[in-house]
Amino acid sequence: MEEPDVSQPGVTKKFMYVNRRAPYGTVYALESLEVVLIGAAFDQDVSLAFLDDGVFQIVKGQDTAGIGMKNFSPTYRALGDYEVTKLYVEKESLETRGLSEDDLLEITYEDEDDDWAEKPSIHVVKRDEMTQLMAQQDVILSF
Amino acid sequence: MEEPDVSQPGVTKKFMYVNRRAPYGTVYALESLEVVLIGAAFDQDVSLAFLDDGVFQIVKGQDTAGIGMKNFSPTYRALGDYEVTKLYVEKESLETRGLSEDDLLEITYEDEDDDWAEKPSIHVVKRDEMTQLMAQQDVILSF
Amino acid sequence: MLHTINKSPFETSTFASCLGHAAAGDAVLLIEDGVYAAIADTEPGKQIKAKNGTVSFYVLGPDVAARGLTNGSLAEGIQVVDYAGFVDLVAEHEVAQAWL
Amino acid sequence: MLHTINKSPFETSTFASCLGHAAAGDAVLLIEDGVYAAIADTEPGKQIKAKNGTVSFYVLGPDVAARGLTNGSLAEGIQVVDYAGFVDLVAEHEVAQAWL
Amino acid sequence: MEQLVKFSVVVNEGPYTHQASDSAYQFTKAALEKGHEIYRVFFYHDGVNNGTRLTVPPQDERNIQVNWTELAEQHELDLVVCVAAAQRRGVLDKSEADRLGKDADNIAPGFRISGLGQLIDAGIASDRLVTFGD
Amino acid sequence: MEQLVKFSVVVNEGPYTHQASDSAYQFTKAALEKGHEIYRVFFYHDGVNNGTRLTVPPQDERNIQVNWTELAEQHELDLVVCVAAAQRRGVLDKSEADRLGKDADNIAPGFRISGLGQLIDAGIASDRLVTFGD
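Chains as they are written, first to last, in the numbering used here: chain A, 1 to 143; chain B, 1 to 143; chain C, 1 to 100; chain D, 1 to 100; chain E, 1 to 134; chain F, 1 to 134.
If we strip away everything but chain A, and leave its shape as in the complex, we get (with noise of 0.2 Å):
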């Protein structure tokens, strides 16, 4: 059903998706992880920005049984099997919501140019190096 049409084969595209949401109250998150994963499909040179509230989306230990929603939490772990592998958290952000890296879900990646080491996918940065890296972007995807 959801086949990849790639329609131009030698196009490379820096894709950035730009997560400001928190989850659950709001399907943006979800909605969003759903296009990167079908866009994985495509061989672009993909990146997710996590800023604002868009932090929580990763924060570890959601449990979701009392609300009667899916957790869709353990999805962002898988990202690696898709070669989504450069999560960029804001700094700023984590800080203002009493949060550190420490609360983030564990996303890691084999790195196939070195030997399969396992390699952490997210990389806590600075705003000014956020806005560096939505900078070189082709194509940014907001939800």
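Keep in mind the hints are simulated off the structure, nothing from the lab. A few of these clues could be false.
[Stated by the list, open to error] Here are some of the chain B residues that sit facing chain D, going by a computed Cβ distance under 8 Å: (1) Ala22; (2) Phe56; (3) Lys60; (4) Gln62; (5) Gly66; (6) Ile67; (7) Thr96; (8) Gly98; (9) Val124.
Just so it is clear, the structure is predicted and the values come from calculations on it, not from any experiment. Cβ coordinates follow ideal geometry from the N, Cα and C atoms, glycine included.
Knowing the structure of chain A, use the given hints to seat chains B, C, D, E and F on it.
Just chains B, C, D, E and F, lined up with the frame of chain A:
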């Protein structure tokens, strides 16, 4: 289609409609106004509160021709005809937004208890007065 | 009066506006993304601590757990309730006002 | 880069976040409820004035008129465009980023 | 003993996009379990989109419309979809569809379409009105 | 002379509740009037609700669905409704309805249902991607 179906004819409750959102960007202001108009047939003790971005709903001079949406601001001026005569506007909300009472629609009603004298429906109140008004209500509808 | 807040205090001004209109003796219940206001040692968490006593603060436990927050990470004095407790709070207060 | 903002700066943190991530030479276009940020002598209006020059600010005229604001009431230096001007701005910048 | 209360619930957002409908459902269920009466659940704004039977969520996800329909069946709930809001957004029952010249309808079992007066009536007739929205 | 550009437009909110669809429509129309190409309009999240033919807005209000349908007819626009988002929210075409065992469909003329890959493809194939949402 919209017959008033007053199930408890003897009951009069204090209803307050709390408006906290700007018009046009979202439909809440318009659809809230639709409730006020229908609600007027029920002979309750009705007031409207405008605070936060809700004060933008009653700014005068709205011209929606360029965005292809209906300008519903004239309807606020007709509220007196529906015996909706108490519109409380929060002073602090106006000030934060660079507005004063002069920027608002002139909304008046004819007072049947005072020889049909024309009187202002809008009352600019301070935040603590707004808090007190809210505390007196039986039903608060917020959209 | 019972006030409910369902928005993140870091994203919208709803939390601030509600606190600005909560009278002494009122109760405030944080639900959905509103529960983020309860995180201790944040700006909203400190405001809750400061206002606690004048106003009673509650947070919906199932929404806290969904978001990976632990009850221990919440600002002091906030009471955690479940949906049945939410129902009780509405029943106990004459009017419920939703801050959306 | 062209940034678009469609939220009121008085209601959400979108405006603040966008300005915090706009690089020198970028353009910012205010649309829908985002146009309220352009009102002179408000906190966001002052921030626009302060950042103007480093970043170029635009506002969508039809959204300004719909909300009863006059071009004279807008912060100094903001340029008013129509939908055709919006299209031009997107065309002139390599990437458009929507701050929602 | 706790005092029993007559509630009405207002749902202002559609299914899935916002948690409002889920929260309203959990609240309503909890109130019924405690023996309270639910006088009415009123769906307004995008909330009317909870009342379409055409939704097909993924199998590992809750079916919000079916949840409401089943709760209504179990407890004889009055689920009212606002007619004006529903027409704007394309939620119709058979008679509305016929009257408006539409070739299909999509209202879900257990929901009925009626006017905004039903919301005001709920405010008057209920002890408490609880609103869920965005 | 101005350079012509290939745009794609993303619409993330449904009709009426948010201005997003109106803004996207005005933008698309203006781009076409200037001679630019619109490669695709992609409807995601609640944006899929723009694609139901069952809407009946008041007569003095714009008909957002009809606006899109007519613009698509005039300019051969590719209006794509995301299948996953549409199923969650009850927007179906005839073949989806048949396949999923639903007794009605509601897709509007000029819209087609397809996968999220169409969004990524639009990002790759277009010079500019413009998003309208909430």
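Hints not upheld, ascending by number: When the structure is compared with the hints, only number 9 turns out to be violated.
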